[in-house]
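A.B. asks: Next come the chains, spelled out residue by residue.
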Amino acid sequence: MKVIKTINLTKKFGDFIANDNINLEIEKGSITAIMGENGAGKTTLMNMFYGLSKPTSGELLINGKKANFKSPQDAIKCGLGMVHQHFKLVPGLTVFENILLGTEITAGPFIDTMKEIKEVSKLITEYKFELNPKDKVSDISIGAKQRVEILKMLYRKVDILIFDEPTAVLTPQEVDELLQSFRELKKQGKTIILITHKLREIMEVSDEVIVIKKGKIVGNVKTSKTNPKELANMMVGRDVVLDVSKREKDFSTSKVLYKVENLKTENDLGKTVVDNISFEIREGEILGVCGVEGNGQSELVKLLTGLMEKTEGKVFLNGEDITGMWPDELRKKGLAFIPEDRYAQGLCRDMSLSDNIIAGYHSGEKYCSFGLLKRKEITKTRDELIDFYDIRISEREGNISSLSGGNAQKVIIAREFDADPKVIIASQPTRGVDIGSIEFIYKKILELREKGKGILLVSSELSEIMSLSDRIIVMYKGKIVGQVDGKTATKEKLGLLMAGVR
Amino acid sequence: MTKNFKERFLIPAFNTLLPVISALFLGGIIIFAIGDNPFKTYGVMISKSLFTVDGILKTLHFASPLILTGLAIAITFKANVFNMGVEGQMLLGAFFSGVFGFSFDLPPLLHISLCLIVGVITGILFALIPAFLKAFFKVNEMVVTLMLNYAAVEITRYLAQGVFRNPASGDVATYTINSSAMFNKVGKNITAFFLISILVFIFIYILMKKSKLGYEITAIGKNEEFAKASGMRVYRKIIYIMMISGGISGLAGAGWMMSEKYRYTTSFSGNPGIGWDGMLIALLGAHNPVGVLIAAIFYAALKTGSDYINLYTNVPKDIVGVIQGILILFLSIKFINDKTDFLGRMRQRLKSIRGSKGATRI
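Chains A and B, in that order, give the protein sequences. Position 237 (the first sequence) corresponds to 237 in our numbering; numbering is contiguous. Position 282 (the second sequence) corresponds to 282 in our numbering; numbering is contiguous.
Just chain A, same shape as in the assembly (with noise of 0.2 Å):
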């Protein structure tokens, strides 16, 4: 039985068409993976499935019925329900508590509480999932919280579940499990969408694939039928190369470009969230950071580019003393930085892209003097870098917000690249960013990493850090708790460092 079908379901924002006549059926009991790049209209499709946004033209049927949602509320009423990217829980509360919350069974006033406990132990032992109902949100893990959520929406009888972008924050292991528990969901005759650009998990554990490709459906493949190549070529359009050669490079005798020493700090609760961090970049090294998120690297990179003040140590560039500094004095000893949140430290998406292209860099000769921007020199330096970095923008005067993700990273890579600096640090380079752009940052970082320059990744995607680092150091509750070469790392070994276990 087809779950859902559409026909000829069409969504326009204005002149632009974000979902072009989609024509799709997905079947009962199976998972379907719904890949694309970024802006190719996945989430277009999965707002009008979930009462998001309505469709411009086109039927959506869920069970063989015309459906017309107004809300979620409507589209979970119905039997469908989507997993998201960020989790909505309340981290006072319990699990069961969180589960239940909005729909608390009750005895008279008061909460029932032994009988919601109940109910969530049962639910719990029927899909198998690895988790207790008393414990504090914040208490538990990041991939508990997202079992968390799908129990919300299995408590609410829902049928069909979508998942936007799950393994995006977990690590490996919990990434297993989560596939696991897609299959025990399976079992149990759950219907689920998976929205990914990964392809190791599409593999894995869809049955079928449908890959969209600005606004259209390029392909609808069964996943037993096809490979992670032809899947890449579909979505892009051409043939993409990720994996990058392992190289045998002994570093003992090249240059320490960048040196950490014991480094420090407390975040605004007094919490030691950097612990005591050391190590040392050299000539032509990429170091990579890698942990489950949360486990110091985001401060450690705020350590590194003057966004928070250390407590200790010390951090030197060429032997010079450059600790404490601010970002801009740092860009000037030669650091650049791509930073974690593009958008917020990244970019103003309010700002021209001209304004965007000089930040960090304005106060030098070459955007500024006496106090006065030099505009036509930004102009021009604006369209060599659009031209020289492919970015895609409609309106070369227009605004950042009018780019999509992996052009936006694109302007920061070629403003910090375009510096010509000694050391980059570069924290979630690809994070969010369609394939064709993964391949053109690699790219990029690859060739800084040819002319000698060091190279710190600090990434949750462990496959980037492995395919990219000569050497990988893992942190875990702020401290570096293993080292491990780049030739010979794997998922396993970096999953157990990840989790704390030496």
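The set of hints was computed from the structure by calculation and includes no laboratory data. There could be a bad hint or two in this list.
[What the hints assert, rightly or not] Label pairs and their calculated CB-CB ranges:
| # | chain 1 | residue 1 | chain 2 | residue 2 | range |
| --- | --- | --- | --- | --- | --- |
| 1 | B | Ile34 | A | Ala344 | 51 to 59 Å |
| 2 | B | Arg345 | A | Phe110 | 29 to 37 Å |
| 3 | B | Phe104 | A | Lys380 | 50 to 58 Å |
[Said to hold, decoys possible] List of simulated lysine to any residue pairs, SDA-like, C-alpha gap at most 20 Å:
| # | chain 1 | residue 1 | chain 2 | residue 2 |
| --- | --- | --- | --- | --- |
| 4 | B | Lys237 | A | Asn23 |
| 5 | B | Lys212 | A | Asn399 |
| 6 | A | Lys477 | A | Gln180 |
| 7 | B | Lys209 | A | Arg392 |
| 8 | B | Lys210 | A | Ser463 |
| 9 | B | Lys210 | A | Thr381 |
| 10 | B | Lys222 | A | Arg349 |
| 11 | B | Lys212 | A | Glu397 |
| 12 | B | Lys237 | A | Leu307 |
| 13 | B | Lys188 | B | Thr52 |
| 14 | B | Lys210 | A | Ser354 |
| 15 | B | Lys210 | A | Ser369 |
| 16 | B | Lys185 | B | Lys78 |
| 17 | B | Lys138 | A | Asn267 |
| 18 | A | Lys145 | A | Val90 |
| 19 | A | Lys12 | A | Asn23 |
| 20 | B | Lys212 | A | Met351 |
| 21 | B | Lys78 | A | Met351 |
| 22 | A | Lys491 | A | Ser463 |
| 23 | B | Lys222 | A | Ser401 |
| 24 | B | Lys209 | A | Ser352 |
| 25 | B | Lys210 | A | Ser352 |
| 26 | A | Lys376 | B | Tyr205 |
| 27 | B | Lys78 | A | Asp350 |
| 28 | B | Lys228 | A | Lys477 |
| 29 | B | Lys138 | B | Gly221 |
| 30 | A | Lys366 | B | Gly221 |
| 31 | A | Lys374 | B | Ser211 |
| 32 | B | Lys209 | A | Lys477 |
| 33 | B | Lys237 | A | Phe370 |
| 34 | A | Lys380 | B | Lys339 |
| 35 | B | Lys339 | A | Met351 |
| 36 | A | Lys264 | A | Met325 |
| 37 | A | Lys213 | A | Asn399 |
| 38 | B | Lys228 | A | Asp328 |
| 39 | A | Lys310 | A | Val260 |
| 40 | B | Lys209 | A | Lys145 |
Since this is a predicted model, take the numbers as computed values, not measurements. Glycine included, each C-beta is placed from N, C-alpha and C at the ideal position.
Place chain B on chain A using the hints.
C.D. replies: Just chain B now, with coordinates in the frame of chain A:
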């Protein structure tokens, strides 16, 4: 290009004009209710205040301090800093330039320059109080600047009643400044003060649109985290911005003292006051220097026009106050909507209620 033009000029222009047109429309209904012809009344107002030599000069004269206070506020709002203390900074600037004006006897050029500089410095010093509190102790500048206005009013009143009081005057007033500190009237009404305002306008225009500081101010206003990550010393910049704003406010007061009032009285600034008017003008001009210039002249034209209404029609001149009041109301709606998009949210809410026929739980 056409789309860009529409988005960049036509829509903002319409958004700015809408409150003005609405206010004039409501004012027109009131004039009609009084029993007069609104078109004729507005006709008199506009033609006399803008299209006669006397009228336009008078309008530009009134506009001079308003351009300055409008700019003083606009520049801080651009950085998402709210200097609500323009009135106070203006008053203190006026008062101390007045003190220097009657205490010394110098060659005119020197004397005028001295008094203007005193006004600017007083404004800067007074603006530094909230700036430092904000930069070093994270005290909300909006509250501090707002409250300091009342402190400024009381300080100047105390001084005007005490040490600097002119005993010959029946009112609470200081001595009149010496003629060497007065701007000469060119023709009947306008003085060199207008020229100074225009120079400041050009300075601020270049500062905002072309300079590094202007770029940084915009960045701070739009995304503070981004500004910090780009190496801008946000709090230092906030102090600069407050100093510029305070300096311009002080200049506005000094200039008004030396070109119009000549002595400090408790009603120096009028009602609602040059600083408060500046706030409205900045809002009307969408915090854009050119917008502020136009809005200030429009606002001054209302003021000049009110005198002519009395002469040529039966409508009391207070109608202009009514129109100003309505304008403030409409502009506040626009301001709040810009900040919170409550109209958009209301529309959404209505849509969802209508859509689900009351089934949605709110």
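A.B. asks: Hint by hint, say whether it matches the structure.
C.D. replies: Now the hints, each set against the structure:
{"no.": "1", "hint": "B:Ile34 with A:Ala344: 51 to 59 Å", "in the structure": "56 Å, holds"}
{"no.": "2", "hint": "B:Arg345 with A:Phe110: 29 to 37 Å", "in the structure": "35 Å, holds"}
{"no.": "3", "hint": "B:Phe104 with A:Lys380: 50 to 58 Å", "in the structure": "53 Å, holds"}
{"no.": "4", "hint": "B:Lys237 with A:Asn23", "in the structure": "55 Å, violated"}
{"no.": "5", "hint": "B:Lys212 with A:Asn399", "in the structure": "19 Å, holds"}
{"no.": "6", "hint": "A:Lys477 with A:Gln180", "in the structure": "27 Å, violated"}
{"no.": "7", "hint": "B:Lys209 with A:Arg392", "in the structure": "26 Å, violated"}
{"no.": "8", "hint": "B:Lys210 with A:Ser463", "in the structure": "45 Å, violated"}
{"no.": "9", "hint": "B:Lys210 with A:Thr381", "in the structure": "17 Å, holds"}
{"no.": "10", "hint": "B:Lys222 with A:Arg349", "in the structure": "8 Å, holds"}
{"no.": "11", "hint": "B:Lys212 with A:Glu397", "in the structure": "19 Å, holds"}
{"no.": "12", "hint": "B:Lys237 with A:Leu307", "in the structure": "17 Å, holds"}
{"no.": "13", "hint": "B:Lys188 with B:Thr52", "in the structure": "13 Å, holds"}
{"no.": "14", "hint": "B:Lys210 with A:Ser354", "in the structure": "13 Å, holds"}
{"no.": "15", "hint": "B:Lys210 with A:Ser369", "in the structure": "11 Å, holds"}
{"no.": "16", "hint": "B:Lys185 with B:Lys78", "in the structure": "35 Å, violated"}
{"no.": "17", "hint": "B:Lys138 with A:Asn267", "in the structure": "18 Å, holds"}
{"no.": "18", "hint": "A:Lys145 with A:Val90", "in the structure": "10 Å, holds"}
{"no.": "19", "hint": "A:Lys12 with A:Asn23", "in the structure": "16 Å, holds"}
{"no.": "20", "hint": "B:Lys212 with A:Met351", "in the structure": "14 Å, holds"}
{"no.": "21", "hint": "B:Lys78 with A:Met351", "in the structure": "13 Å, holds"}
{"no.": "22", "hint": "A:Lys491 with A:Ser463", "in the structure": "8 Å, holds"}
{"no.": "23", "hint": "B:Lys222 with A:Ser401", "in the structure": "13 Å, holds"}
{"no.": "24", "hint": "B:Lys209 with A:Ser352", "in the structure": "13 Å, holds"}
{"no.": "25", "hint": "B:Lys210 with A:Ser352", "in the structure": "14 Å, holds"}
{"no.": "26", "hint": "A:Lys376 with B:Tyr205", "in the structure": "18 Å, holds"}
{"no.": "27", "hint": "B:Lys78 with A:Asp350", "in the structure": "13 Å, holds"}
{"no.": "28", "hint": "B:Lys228 with A:Lys477", "in the structure": "27 Å, violated"}
{"no.": "29", "hint": "B:Lys138 with B:Gly221", "in the structure": "16 Å, holds"}
{"no.": "30", "hint": "A:Lys366 with B:Gly221", "in the structure": "24 Å, violated"}
{"no.": "31", "hint": "A:Lys374 with B:Ser211", "in the structure": "9 Å, holds"}
{"no.": "32", "hint": "B:Lys209 with A:Lys477", "in the structure": "46 Å, violated"}
{"no.": "33", "hint": "B:Lys237 with A:Phe370", "in the structure": "17 Å, holds"}
{"no.": "34", "hint": "A:Lys380 with B:Lys339", "in the structure": "35 Å, violated"}
{"no.": "35", "hint": "B:Lys339 with A:Met351", "in the structure": "18 Å, holds"}
{"no.": "36", "hint": "A:Lys264 with A:Met325", "in the structure": "16 Å, holds"}
{"no.": "37", "hint": "A:Lys213 with A:Asn399", "in the structure": "24 Å, violated"}
{"no.": "38", "hint": "B:Lys228 with A:Asp328", "in the structure": "9 Å, holds"}
{"no.": "39", "hint": "A:Lys310 with A:Val260", "in the structure": "12 Å, holds"}
{"no.": "40", "hint": "B:Lys209 with A:Lys145", "in the structure": "48 Å, violated"}
Violated hints, listed in ascending order, are 4, 6, 7, 8, 16, 28, 30, 32, 34, 37 and 40; each of the other numbered hints is respected by the structure.
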